[in-house]
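Enquirer: Chain by chain, the residues:
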Amino acid sequence: MNARNQKKPSRRTPARPTAKPAVAAPAANLRSGAQCVVDGLVENGAEVVFGYPGGMILDVFNLIGAAPIHFILPRHEQGAVHAADGYARASGKVGVCLVTSGPGATNTVTGLATANMDGIPLVCISGQVPLHMIGNDAFQEADILGITRPITKHNFLVRSADDIPLVMAEAFYIASTGKPGPVVVDIPKDVQRQMTAARRPEAISIRSYNPDVRTDLAQVAKLAEAINKAQRPVLYAGGGVISGNAAPELLELARRADIPVTTTLMGLGAFPETDPLALRMVGMHGSFAANNAVQQCDLLISVGARFDDRVTGRKADFATHATVAHIDIDRSAIGKNIRTHLPVLGYAKPVLQALLPQVKARKHPAWHARIAAWKKEHPAFTYPTSDKALMPQYVIEQIDKVSKGEATIVTDVGQHQMWSAHFFRYTRPRSFLSSGGLGTMGFGLPAAIGAQLACPDRLVVAIVGDGGIQMNAQELVVAVEHHLPVKVVIINNGYLGMVRQWQEIFYQRNYAAVVLGRNERMPVERIATQRKPEYLPDFMKLAEAHGARGTRVTRSAEVAPALREAFASPQPWVIECIVEHGANVLPMVPPGASLSEMICKFA
Amino acid sequence: MKHIITALVENKPGVLARIVGLVSGRGYNIETLNVGPTQDPDTSKMTLVVPGDEQVLEQVLHQVSKLVDVIEVVDVTRRRHLNRELILVEVATTRHSRAQVLELATLFKARVAAVGEKSITLEMVGDRSSVEDFLRLLKPYEITDISRSGLIAVARGETA
Ligand SMILES: Cc1ncc(C[n+]2csc(CCOP(=O)(O)OP(=O)(O)O)c2C)c(N)n1
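Note that the protein sequences, when read in sequence, are chains A and B.
At the far end of the first sequence sits residue 2029, using the working numbering, and the numbering has no gaps.
At the far end of the second sequence sits residue 165, using the working numbering, and the numbering has no gaps.
In short, the hints are calculated from the structure, not lab data.
One thing to keep in mind: the hints can contain errors.
Straight line, CA to CA, 35 Å or less: simulated DSBU-like cross-link-like pairs of lysine-lysine [as the list claims (entries may be wrong)]:
| no. | chain 1 | residue 1 | chain 2 | residue 2 |
| --- | --- | --- | --- | --- |
| 1 | A | K1814 | A | K1789 |
| 2 | B | K17 | A | K1648 |
| 3 | B | K71 | A | K1519 |
| 4 | B | K17 | A | K1519 |
| 5 | A | K1648 | B | K7 |
| 6 | A | K1655 | A | K1519 |
| 7 | A | K1762 | B | K114 |
| 8 | A | K1741 | A | K1762 |
| 9 | A | K1741 | A | K1789 |
Using the sequences plus the hints, can you model the full thing?
Expert: Right, here's the structure in full:
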């Protein structure tokens, strides 16, 4: 791929959008900057806004009550961003949040970085101290532009109310086009109070930004030829298939050319995992069949995935026999991690559409026989059963069963996240929402609230750990006050389980700072061994205190009935499952090892 | 290999920080950097010298060109191009060495910008290799201060 001259095609766009009002409007047509913000939200399609007020954004909040939107007050700005993110992941629309300057803005940082890593469209409006005070360490001033520059797709500081209508339109445009991402719009308080006659521009064109990538047809033809020749092809699908709404085309391609399909964590739902062609997930916690197929294939077709290090394992040994084809909208993602023989720049959907008519119907019986043998050797996925303890994996299986595979699953980060990927079989895009790139604990509950707002009629189940839920548990109030029937399944293993697993395997079982229960704490924690409450925190009381229903489950037989009752209810419900403490996520590729060196069982 | 990259960018506050932050945030070094306005007051031209292999360079080009405020990025190293750098260099001189330093200056068409009792300050403009040669030959003398403008470059027509 010739990257030497990257001329953006948009340079041919002649007109530079003007920030100044085209005609001088009469005074009656003047609007305040704050009004332009609120109108801008509505004009650009925001239906739900997650906002938390404060001094520097009060002018906007003063008008928000009159806007035709659904306003949600989270209980922490991080919750606001994750909720907007969950809303965006579930709906494909832009998630919107509104926060104040300083601490309000800095509280959004983790949420923005989470969305940025996973390519989720967000617009976050933050108040800022007045222009003349910027740089003076004014009360509640933070350089949020500087702070968020590396963790957003773009950000703006608005210096005049005249610019607000244009910037609002550009922010939504940038967030939702190309590879989507979060955009911050920082607006000083005096700018919110200025009057302007500026109006929303008729059309948006930014000369230095052109997301209209033409499908590279010459490369598509080469790829078709490679597919028609391949003996052992594998499709490897990522989040780009979901954000690009290309799941139907992927299915058609796989069926026509008889290609087995594996997905990344972000790609779960891009291909029906109940289909015989499904290899299930690839990577560090991928299936034996998927990892072996990737290692042994002669053609690896990546669609909207980015060869993340959690997927490839040791890069030098990744898919060494394969011609690697990479379909991606992000030119910088192609060839970044893995040598690519067949780059195809373009959106997943049009690329696959162009590819399909050139691909011959084929069968690969020998290849599928090898795959079937791998599937038989280590079926995806299994776990050691126990007649005493409740196994965490069993809980996830039951969620699949009781919801008939129809739930939208939103996870937090940790072991439960991987078990959610393994033991629920995803068949629909946007039915598995998870912080893949950043791995943000505290994401699950607020994101589930956002997802439920986006899909009021769906069963939304947050699957969280006893550690992660405590990072944003306050958001339960929001589910209760808005009568959102979110179900929160807490996989309570008494540990920061995923970290405990790493300590077990790589740190000689030195369980430092991962015990959430009262026993086995480190001496340096200086916790007296007096009697403490059995449950700390008591999640049933936590549910009750927030006005949600709660059920605690300790035995396998109780799981399905508890889920059935909760799933049938229109109320938010916390289902706490006290599970086996020491369960591990398997198979596992140790960090730095090759995909061929999987641990499938512990001694 | 050192690459000379030029970037045409929107002339807006924060664009420089965006580019520098992106390049340095990914662990790539910027050896020199120069920014100035162009014939269009709405745009600026940046010239960066980035050491690194082909892969490093590809990533820098891709990442920089992805920034919303960047209009065009070119690796001019592989094209017909002109590059220049201005340096101001102060050299400690003795009665013996002064003549030798001046002789070097003449050879490289460097101008004497200032003369002191024990030093001489030279101003030199040249392309990358002549600046490097000049500095190499000045090494035996004691360089007491130096300031470099950073390389600037313009591409000239079709690929060489
Ligand atoms: C904000 C944040 N801090 C720390 C981590 C590191 N981390 C990854 S998994 C994990 C443990 C999660 O424990 P828990 O929520 O109980 O889930 P489990 O692994 O037990 O299912 C930790 C601490 C993280 N991913 N995110």
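Enquirer: For which of the previously enumerated hints does the structure constitute a violation, in increasing order of number?
Expert: Result: hints 1, 2, 6 and 7 break, sorted rising.
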